[in-house]
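*Asks:* One letter stands for each residue in the lines below.
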Amino acid sequence: MVRFENVGMRYGLGSEVLRNISFELKPGSFHFLTGPSGAGKSSLMKLLYLAHRPSRGIITMFGQDLTMVSRDELPALRRRIGVVFQDFRLLDHLSAIDNVMLPLRIAGGDPKIIREHAEELLSWVGLADRLEARPPTLSGGEKQRLAIARAVIGKPDLLLADEPTGNVDPEMANRLLHLFVELNKLGTTTLVATHDMGLVSRVGAPQLRLFQGELVHLDRASAVGAGQPDAGY
Amino acid sequence: MTRRVPFLSDRADRVSGRLLPWVIAVMVFLSGIALASALGVHDAVANWASDLGRRLTVQVVAADPADRDAQAAAAEALLASTPGVETVNRLDLGAITALLEPWLGKGNVGDDLPLPVLIDVTLAPDRLINTAALARQLREVAPDAALDTNEQWLSRLHAVAGMVEGTAVTVVGLVTLATVAIVIFGTHAGLAAHRETIETLHIIGARDNLIAGEFQVRFLKLGLKGGLIGLVAAGVTLVLGRSFLRSLGGGILDKVTLEPGDLVVLLVLPLAAGVIAMFTARLTVLRALARMV
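In order, the protein sequences belong to chains A and B.
Position 72 (the first sequence) corresponds to 72 in the numbering used here; numbering is contiguous.
Position 107 (the second sequence) corresponds to 107 in the numbering used here; numbering is contiguous.
These are computed hints drawn from the structure, not numbers from a lab.
Keep in mind that the hints are not guaranteed to be accurate.
Said to hold, decoys possible - Listed next, the stretches of chain A that the computed footprint assigns to chain B, with coverage defined by at least 3 CB atoms under 8 Å from CB atoms of chain B:
hint : segment
1    : 46-58
2    : 76-82
Claimed, not checked - Capping the alpha-carbon separation at 25 Å, the derived lysine to any residue pairs in SDA-like fashion look like this:
hint : chain 1 : residue 1 : chain 2 : residue 2
3    : B       : K221      : A       : D92
4    : A       : K155      : B       : T200
5    : B       : K221      : A       : L94
6    : A       : K26       : B       : N209
7    : A       : K155      : B       : V217
8    : A       : K112      : B       : N209
9    : A       : K112      : B       : L210
10   : A       : K155      : B       : K221
11   : B       : K221      : A       : L74
12   : A       : K155      : B       : P6
13   : A       : K112      : B       : S247
14   : B       : K225      : A       : K112
15   : A       : K155      : B       : N209
16   : A       : K112      : B       : T200
17   : A       : K112      : B       : S9
18   : A       : K26       : A       : L74
19   : A       : K112      : B       : V217
None of these values were measured; they are calculated from a predicted model.
Note that CB positions come from ideal geometry on N, CA and C, so glycine has one too.
Construct the complete structure from the given sequences, taking the supplied hints into account.
*Replies:* Right under this line is the structure:
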């Protein structure tokens with residue numbers, strides 16, 4: 001699904017913020033990306049959701065070497081990736097359901113079917129009664145669930161979540177994590193970036209640990225058959 | 001029916017949304033006035049030229065009144081028998097005096113002032129006449145007769161019209177450039193205001209065309225809105241200006257008027273403003289997005 005080989009990344013002419021990153025995410029696997037603040041988690045996520053190019057190394061995604069992929073081909077790859085941003089990045093001028101429908105509207109499709117699908121999804125994340133609410137009127141947990149619904153409506157092959165439980169209370173964090181595990185069970189390869197080690201230990205999934213821009217602890221990440229969260233987290 | 005939901009919020013970019021239509025209105029106003037002036041002068045000169053092109057004036061200047069009348073009669077006879085000449089009209093003393101009064105003052109044209117004989121000649125429509133040959137023939141029968149073909153007056157008129165048209169084209173060109181520059185500035189302001197939304201759309205798979213499409217629709221609307229405001233202002237100004245020129249009385253300027261075809265050109269201005277704004281915004285956005293991954 002995703003393979004990094006000796007990947008480095010820098011912003012502009014600055015020094016490398018990621019160095020010699022190598023790992024592989026198998027299809028259907030569940031991983032945590034951990035590390036202290038400033039370790040490079042967000043930078044690695046940017047590489048994964050194709051917002052940044054590596055300065056060196058090879059990234060293979062969905063069987064394609066990204067160094068060989070032109071800029072025009074990137075949107076099609078991005079539509080196979082669902083992203084839950086730490087700051088949600090919801091569009092405040094759109095209603096909750098319009099936010100959720102956004103990825104499919106961008107990809108094109110029957111608006112009626114898209115709406116039905118979005119309504120089901122909002123119901124699944126517990127926002128059935130907030131369809132027309134604007135994001136500024138939603139609580140942190142509701143925004144987070146809305147962001148998750150938007151990330152998964154396109155049935156992505158890869159789901160990335162950057163600190164998805166950072167802004168919610170522990171109970172909500174557990175519920176959100178449950179959503180990710182459920183999605184992973186449906187076959188979506190999932191990577192959750194977090195610095196909450198309690199969360200990691202509760203789920204029991206393998207982790208990619210970053211420290212000062214390097215991958216220091218590769219826990220079962222590339223092992224065949226590994227990467228599934230424990231059922232009883 | 002599903003409503004269209006904009007990807008970008010108008011509220012995030014209120015500055016360009018509010019200011020741009022007024023700036024474009026001023027641009028269209030200036031273009032409208034410049035174009036209307038050029039088109040009006042062009043039409044008026046074309047009418048004058050077509051009228052004067054069919055008119056000749058023969059002037060007989062001789063000191064002796066008897067000789068002057070004899071030469072004038074000979075000239076009249078020659079002109080009347082010349083093929084292509086439709087009418088020959090010798091101006092009477094009253095008409096000549098009226099022509100001189102603006103310069104000499106009313107009642108100052110005395111009987112002792114030797115006045116030339118003026119013969120107004122109208123040519124038949126669509127007939128060409130060899131004026132050089134006619135002038136030679138005139139000199140043979142009336143040595144003191146001079147043929148005025150109005151060429152000098154017409155060439156001056158064309159020079160003035162050319163200057164007005166050239167100035168108008170320059171004004172419209174400069175205004176177009178200024179409009180493009182302002183739209184580029186406005187688009188960059190819009191891109192900055194929507195930066196986070198654009199990044200989000202980009203990451204969830206939006207193509208550049210989709211984002212550029214949002215901007216181009218927005219700037220097309222702003223351009224049309226500003227264009228219409230400018231056109232209305234220009235129209236009111238032109239109507240008032242026309243009334244003013246008419247109030248000045250029977251001079252040359254009150255002949256300046258717009259033909260229906262000219263009005264169509266003016267009506268196209270708001271559309272042109274909208275299209276210029278739309279394409280400028282589109283190209284600006286596509287160039288900016290091309291710098292993103």
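*Asks:* Run every hint past the structure and note whether it holds.
*Replies:* Now for the hints, and whether the structure bears them out:
For the segment 46-58 of chain A, the stated coverage by chain B holds: 5 residues have a C-beta nearer than 8 Å to a C-beta of that chain, and at least 3 were required. Counting residues of the segment 76-82 of chain A whose CB lies closer than 8 Å to any CB of chain B gives 3, which reaches the minimum of 3, so the coverage claim holds. Between B/K221 and A/D92, the direct Cα distance comes to roughly 23 Å. Compliance with the 25 Å bound is thereby established for this hinted pair. Of the supplied pair hints, the one linking A/K155 and B/T200 holds, its CA atoms being roughly 18 Å apart against a limit of 25 Å.
Among the hinted pairs, B/K221 with A/L94 is consistent with the structure: their alpha-carbon atoms are about 21 Å apart, no more than 25 Å. Taken as a hint, the A/K26 and B/N209 pair is broken in the structure, with Cα atoms around 34 Å apart against an allowance of 25 Å. In summary, the hint linking A/K155 to B/V217 is not supported, as the alpha carbons are separated by about 31 Å, beyond the 25 Å threshold. For the hint pairing A/K112 with B/N209, the CA-to-CA distance comes to about 24 Å; that is within 25 Å, so the pair holds.
Distance check on the hinted pair: A/K112 and B/L210 sit about 20 Å apart at the alpha-carbon level, within 25 Å; holds. At roughly 36 Å between alpha-carbon atoms, A/K155 and B/K221 are farther apart than 25 Å, so this suggested pair is violated. Distance check on the hinted pair: B/K221 and A/L74 sit about 31 Å apart at the alpha-carbon level, beyond 25 Å; violated. Taking the CA atoms of A/K155 and B/P6, the gap is about 23 Å. The hint holds against a cut of 25 Å.
Between the alpha carbons of A/K112 and B/S247 the distance comes to roughly 64 Å, so the proposed pair goes past 25 Å and is violated. Under the criterion of a C-alpha separation no larger than 25 Å, the hint pairing B/K225 with A/K112 is inconsistent with the structure, at around 33 Å. Taken as a hint, the A/K155 and B/N209 pair is honoured in the structure, with Cα atoms around 24 Å apart against an allowance of 25 Å. Between A/K112 and B/T200 the CA atoms are separated by roughly 24 Å; this keeps the pair inside 25 Å, and the hint holds.
About 23 Å separates the Cα atoms of A/K112 and B/S9, which keeps this hinted pair within 25 Å; it holds. Distance check on the hinted pair: A/K26 and A/L74 sit about 21 Å apart at the alpha-carbon level, within 25 Å; holds. For the proposed pair A/K112 and B/V217, the alpha carbon gap of about 24 Å is at most 25 Å, so the pair holds.
When held up to the earlier numbered hints, the structure conflicts with 6, 7, 10, 11, 13 and 14 and fits the remainder.
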